[in-house]
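Colleague: One letter stands for each residue in the lines below.
Number of protein chains: 2
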Amino acid sequence: MTSSATTDRSGTRAAAEAGPRADPGSSPTWTIAQVAEEFDVTHRTVRHYEDLGLISPERRGTQRVYHRRDRTRLGLILRGKRLGFPLEEIRTIIDLFDAPRGRRTQLEYVLGQIDERRNDLEQRLRDVQDAIAELGEFERRCRDDLGQLDRA
Amino acid sequence: MTSSATTDRSGTRAAAEAGPRADPGSSPTWTIAQVAEEFDVTHRTVRHYEDLGLISPERRGTQRVYHRRDRTRLGLILRGKRLGFPLEEIRTIIDLFDAPRGRRTQLEYVLGQIDERRNDLEQRLRDVQDAIAELGEFERRCRDDLGQLDRA
DNA sequence: CTTTACGTTTACGTTAACGTCAAGCACGCG
DNA sequence: CGCGTGCTTGACGTTAACGTAAACGTAAAG
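As they're listed, the protein sequences go chains R and F. Take the first sequence: its position 51, counting from 1, is numbered 51 in my numbering, and each next residue is one higher. Take the second sequence: its position 109, counting from 1, is numbered 109 in my numbering, and each next residue is one higher.
Hints are computed from structural coordinates only; laboratory data are not their basis. It is possible that part of the hints are untrue.
Same chains, same label: a pair holds when it works inside one copy or across any pair of copies.
[Claimed, not checked] With a straight-line Cα cutoff of 20 Å, these simulated EDC-like cross-link-like pairs (lysine to aspartate or glutamate) come out: (1) 81 <-> 139; (2) 81 <-> 134; (3) 81 <-> 95; (4) 81 <-> 40; (5) 81 <-> 51; (6) 81 <-> 37; (7) 81 <-> 127; (8) 81 <-> 120; (9) 81 <-> 58; (10) 81 <-> 144; (11) 81 <-> 108; (12) 81 <-> 145; (13) 81 <-> 150; (14) 81 <-> 50; (15) 81 <-> 38; (16) 81 <-> 122.
Just so you know, these numbers come straight off a predicted model, no measurement behind them.
Work the whole structure out from these sequences, hints included.
Modeller: Below you can see the structure in the form of structure tokens.
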């Protein structure tokens, strides 16, 4: 249902149906429709992330052209969203990865940010682990109840 | 800064400043202000969760009276929020814990829901672990850069 | 009995994260 | 050249999760 949704657009401008355009010798690029489908989001969502400065695709004329870098970022964005981070915060985080690290002060700032982030993430790690553990406990009780029903 | 925010209200109606009211012989109860402060949320937030049916405190006259059950739920709600779940979804989850498990069909439904939830949570677990790992990788690179700077 | 400190309801405001038109370019095909 | 398909830019709408203000109730304290 995911890939069959694309009413065969091949033969028009790009040969492949889901991959990057055939572009021998250069780095591969994608259209907005392709990245949107690949990450299972809408065009609007992708453009929204651009509005907030989370991605900044190349412009060829008026059209957006997406590179590997943009796809990497999109992946990070969506994972951040799954973890419940607001987009603005996600932006500061992934910008960190591309931040200049030339001077020592910058590097130390980045290292400090990394530590903050890690603490945040480790809190969430505990939360998830606790939740999974409680769910397991609950399942055990349910299976007990089921056993009681069987013995009657 | 957290507990000093309470401008000494003791001696008024309850003896303890942060604990449940003195109520010997019965189960402890809390006011909305007490649970709000304990979980570091506003009254409005607590009432909002009640509006959505996430908690349903006792009413003594017009006033809300919170029991241990309500505090347990509030904890689950806030953890769910930290994990990025929408409140409506959180409601269906914690309602699951109090759901009737008398008949076999009900039990099997509950067990099915548990499985769905676990899959969801395990996805998030992977997300968090991946994020932490990448952060570690990034930190290593930064420390490398720092070493390069030191050698000059 | 008035004050004070909380608590309650009602209702409109706000922010984030998009959804949903509307209207216009741009290009490749018949 | 017109047509269809996809891309682009506004701009307004929507939902979730509260914030905030108004206006009133109430119970202990002075």
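Colleague: Hint by hint, where does the structure go against what was stated? Just the numbers, ascending.
Modeller: 1, 9, 10, 11, 12, 13
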